[in-house]
Amino acid sequence: MPTELQAGQRYSITNVKSGTALDLSGTDGVSILGWQKHDGDNQKASWELQRDNNQWTFRNVATGKFLGLADGTLENGLALRAVENAVAWDIFEDHDDHEVFRIFVPPREHVEKKFNADLSNHGDKADGTPVAVWGKTQASTNQTWRFQQRE
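Position one of the sequence shown corresponds to residue 19 (our numbering), numbered consecutively onward.
In short, the hints are calculated from the structure, not lab data.
Cβ atoms here follow ideal geometry from the backbone N, Cα and C, with glycine treated the same way.
Hints are not guaranteed to be accurate.
For lysine-lysine, the following BS3-like pairs were computed, each having C-alpha atoms within a straight-line distance of at most 27 angstroms [claimed, not checked]: (1) 132 - 83; (2) 143 - 35; (3) 143 - 55; (4) 35 - 83; (5) 143 - 132; (6) 83 - 55; (7) 154 - 143; (8) 154 - 35; (9) 143 - 83; (10) 132 - 35; (11) 154 - 132; (12) 35 - 131; (13) 35 - 55; (14) 55 - 131; (15) 131 - 154; (16) 55 - 154.
Simulated restraints, written as ranges between beta carbons of each label pair [unchecked claim]: (17) 81 - 57: 27 to 37 angstroms; (18) 72 - 144: 17 to 27 angstroms; (19) 116 - 37: 30 to 40 angstroms.
Taking the hints into account, I'd like the entire structure generated from these sequences.
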């Protein structure tokens, strides 16, 4: 049975390929990175999800910042960043594994490609691996994420 995400709940989010957590850098406070799970305070309940009009926002519990995008053109490799204002995302079950999800940039005018959150370097498990957007690749588990509900 697929996991059902719930608005107002807190989740730790891990990359399926690497097992690393979706982590807000404690060094610069804006970079979104893959980091080995350690269940420290910054990972226990890292992201609170809210839903509005079938789209989701991710608020970092520790800082109050939201999951967003770096400034720049929406293209492969554009980094995810923590931002001050809520940013809408689409979250869909993965086509091949209904227990995990893909996090997509909502459709934009004049942009045909579907971009989703991707752990860089093909899902490198090294601490500090950047998370960016990349065009959807069907069998890429570095583009799929596991959500674990937390208290």
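Inset, instruction - Would you check the hint for residue 154 and residue 132, treating anything up to 27 angstroms between C-alpha atoms as holding? - result: 6 angstroms, holds
Legend entry - 27 angstroms limit on alpha-carbon distance, applied to hinted pair residue 154 and residue 35: 15 angstroms, holds
Inset, instruction - Below or equal to 27 angstroms on CA atoms is what counts here, so check residue 55 against residue 154. - result: 25 angstroms, holds
Inset, instruction - Take a quick look at whether residue 35 and residue 83 sit within 27 angstroms of each other, Cα to Cα. - result: Measuring from Cα to Cα gives roughly 26 angstroms; hence the hint holds.
Inset, instruction - Below or equal to 27 angstroms on CA atoms is what counts here, so check residue 143 against residue 83. - result: Answer holds: residue 143 to residue 83 is near 24 angstroms, not above 27 angstroms.
Inset, instruction - For the pair we were handed, residue 143 and residue 55, check the Cα-Cα distance against 27 angstroms. - result: 11 angstroms, holds
Inset, instruction - Take the C-alpha atoms of residue 35 and residue 55, compute the straight-line distance between them, and say whether it is at most 27 angstroms. - result: Holds. Residue 35 to residue 55 sits at ~13 angstroms (cutoff 27 angstroms).
Inset, instruction - Starting from residue 35, check that the Cα of residue 131 is at most 27 angstroms away, please. - result: 23 angstroms, holds
Legend entry - residue 131 paired with residue 154 [C-alpha distance capped at 27 angstroms]: Answer holds: residue 131 to residue 154 is near 8 angstroms, not above 27 angstroms.
Legend entry - Pair hint residue 132 and residue 83, alpha-carbon separation not exceeding 27 angstroms: Given pair residue 132, residue 83 holds - Cα atoms ~25 angstroms apart, limit 27 angstroms.
Inset, instruction - Verify the proposed pairing of residue 132 with residue 35, using a straight-line Cα cut of 27 angstroms. - result: 20 angstroms, holds
Legend entry - CB-CB spacing for residue 144 and residue 72 relative to the 17 to 27 angstroms hint: Given about 35 angstroms between the Cβ atoms, the range is violated.
Hint compliance for this structure: hints 14, 17, 18, 19 are not met, and every other hint is.
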